[in-house]
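Visitor: As you go down the protein sequences, you meet chains S and Y in turn.
Residues in the first sequence are numbered from 1 upward in steps of one, following this note's numbering.
Residues in the second sequence are numbered from 1 upward in steps of one, following this note's numbering.
Keep in mind the hints are simulated off the structure, nothing from the lab.
Since the structure is predicted, the reported quantities are computational estimates derived from the model, not experimental observations.
Since the list can't tell identical chains apart, any single copy or any two copies may satisfy a pair.
Result set (BS3-like, lysine-lysine): computed pairs, CA atoms no more than 27 Å apart in a straight line:
no.	residue 1	residue 2
1	Lys82	Lys33
2	Lys25	Lys327
3	Lys97	Lys213
4	Lys233	Lys163
5	Lys97	Lys319
6	Lys319	Lys33
7	Lys315	Lys87
8	Lys25	Lys323
9	Lys25	Lys319
10	Lys38	Lys83
11	Lys323	Lys97
12	Lys25	Lys315
13	Lys83	Lys315
Listed below are the residues making up each chain.
There are 2 protein chains.
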Amino acid sequence: MSTLTIGLFGFGVVGEGIFQVLSTKPGLQAVIKRVVIKHPHKTRNAPQHLFSTDADDILNDPGINLVIELIDDAEAAYHIVKKAFSKGKSVISANKKMIAEHLTELIRLASECNVSFLYEAAACGSIPVIRNLEEYFDNDLITGVTGIINGSTNYILTKMAKKNLPYQEALKEAQANGFVESDPSLDVYGLDARNKLKILTLHAFGMVISEDKIITKGIQSITEGDLVFAKEKNLVIKLIATSKVNALGALEEVSVLPAFLPRFHPLRLTDNEFNGVLIGGQLSDEQFFYGKGAGRYPTSSAVLSDISAIRYGYKYEYKKGIKQSDKVLPSKSKVFVSLSRDLPELDLSVFGAVVETYRNSHYSYTVLETTLQEIKPLFDLHGVSVIRYLD
Amino acid sequence: MSTLTIGLFGFGVVGEGIFQVLSTKPGLQAVIKRVVIKHPHKTRNAPQHLFSTDADDILNDPGINLVIELIDDAEAAYHIVKKAFSKGKSVISANKKMIAEHLTELIRLASECNVSFLYEAAACGSIPVIRNLEEYFDNDLITGVTGIINGSTNYILTKMAKKNLPYQEALKEAQANGFVESDPSLDVYGLDARNKLKILTLHAFGMVISEDKIITKGIQSITEGDLVFAKEKNLVIKLIATSKVNALGALEEVSVLPAFLPRFHPLRLTDNEFNGVLIGGQLSDEQFFYGKGAGRYPTSSAVLSDISAIRYGYKYEYKKGIKQSDKVLPSKSKVFVSLSRDLPELDLSVFGAVVETYRNSHYSYTVLETTLQEIKPLFDLHGVSVIRYLD
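Just need the whole structure built from these sequences, with the hints factored in.
Guide: In structure tokens form, the structure reads like this:
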């Protein structure tokens, strides 16, 4: 066990939270020596002498042995992390975009530099999902990870369903309440969930999948008609991230898609900004983990657990391997496709076997038995909503 | 990392499950060398030469470095575990009664003999609650652990509520379906939950509490009248185990009690044989863990994770300490007390401030503002049901 001397990048709500906890809990034996920020003239709840705008004040300080990186800019974060490694400093990061984009390289560099690189806060906030996949479910018996792993879209979908709001209004409400960024595209197009799913797939199965091989569609096309349909059938629409292997250990699905959840599905109860993750195992049936996925305290909690782990010399061991695996088997699925009325008629039978169709004056839908690969071309068409059925 | 050579005590459903997994997954690098059983003439799904009825065939075999103890008899298990330690063997056990009763001694012995002693399966089956308390929530910021940690009583309560069955019939149904032992007393009187709560309290807070200081009442006195009351108020009755500390880290409640859960309580959805645990933290808000608490596969899953951890030299570190702490502050609570009609009238105002009373020809209830300590004398009175309100 060692005492940690920390250099912190970013002093937003999470950074400030970490600073406060470490200041009041000397038992954690971790001290923040320096905080690098972008805007030197903001008033901050910490002594002025801690702050600097020069990254090298942390990176070149041999007295600092742990870098905590909590900035928004993924590109800048990437360079900070690489330099920290090269200087022999361990790193905690919450930047899922940066981590997902440079996953293999960063893991390799951390290993070469013999430092810890932990990022529990990057997936599902306070839910200890990476640590559990890494440590507790470290045998080869996991069959799948399925979850609601983006709180912003879950908040929007919950408001749409419970308050009968159209997508644009629910989005505005989410932004007003601080649950979605002013630029919501990473969230609503499913890209944030995709980044997290890439990380979870590695820790669940030892496989690294390229972003473009993850079948991804966000919630931006979901219409009020879809919500009415869901309600009539007692279904709930959620943005679901899934990573699954077959009995031989080959990837059979890696996707982020809107899904209809049936009546007793455990993820159905994960509402508002919460996250929920199901880990399916050959033996354990399904384990369900639930908690807040983002925000000041949940993220601080995850970072704090990583700090504590590093104090004990903990590293992710990637016991299942780190294998590039871009081959995903065709994922059979029942899929609902709805079209708004202003679209020209589409022959959906080219995308799979049609099992149901409905049409009225302003709305039509078709249910297909197909594979997720086959319907991918539909994802980018304006006015087309695609929702898969989940068992 | 070492290869494990295992001596297994007990070959019931869990033992057999472990044997099958290890036989088919050579990647786990753990081999069962010997199985000690009580009844040599039963037919078993494993080669005959593995079996013995002599414990010393495992305990005196220097080639065996891990003992997995899965027998019912707590007293026999205790002696097996102690002898295994003294022979330098690590131990995995699922015997919560044995572990709770000898907690401090066994931890000390394992430490003195420098072996691992893991028992994830002893609390909440496949839910990795001990490991998460130990590793992930290892800082001093946990405020409470609250859960449904006995699947048998939860199964009975679920049937009582959903099928309007009286307690005795629901108990019989649970026994017929294998969810309750033929002698149900450990479960229904809350003693099994109490054993688990003692273990969880240690891993959550570093405190060892004596069994008789844990305020405990089971589900045996819950009546149909109580269920009707609960339904009318949109409450659900569950057997809830709680361990909580105040802001100064002092225990302010350690209890196993029937409780009314309000409408949106996260534990309300934990039905049938499932377990659910809420871990409350100063930062993480509440984390919810859900899964199967007992049975062949969930228990096997937990044992398997312990095997894997031992292969990497893992030991519980008890970072929060192992302190005997029998002082629990008075726990203020709102409590519902119902009396069956054949009881003489009781003056309940001696047990707290009466805030509500109701009486008809065959049933009466009183709601008290009190402390759990004050109402303890009521627990053993026949025909008296005590249910606390949970926020």
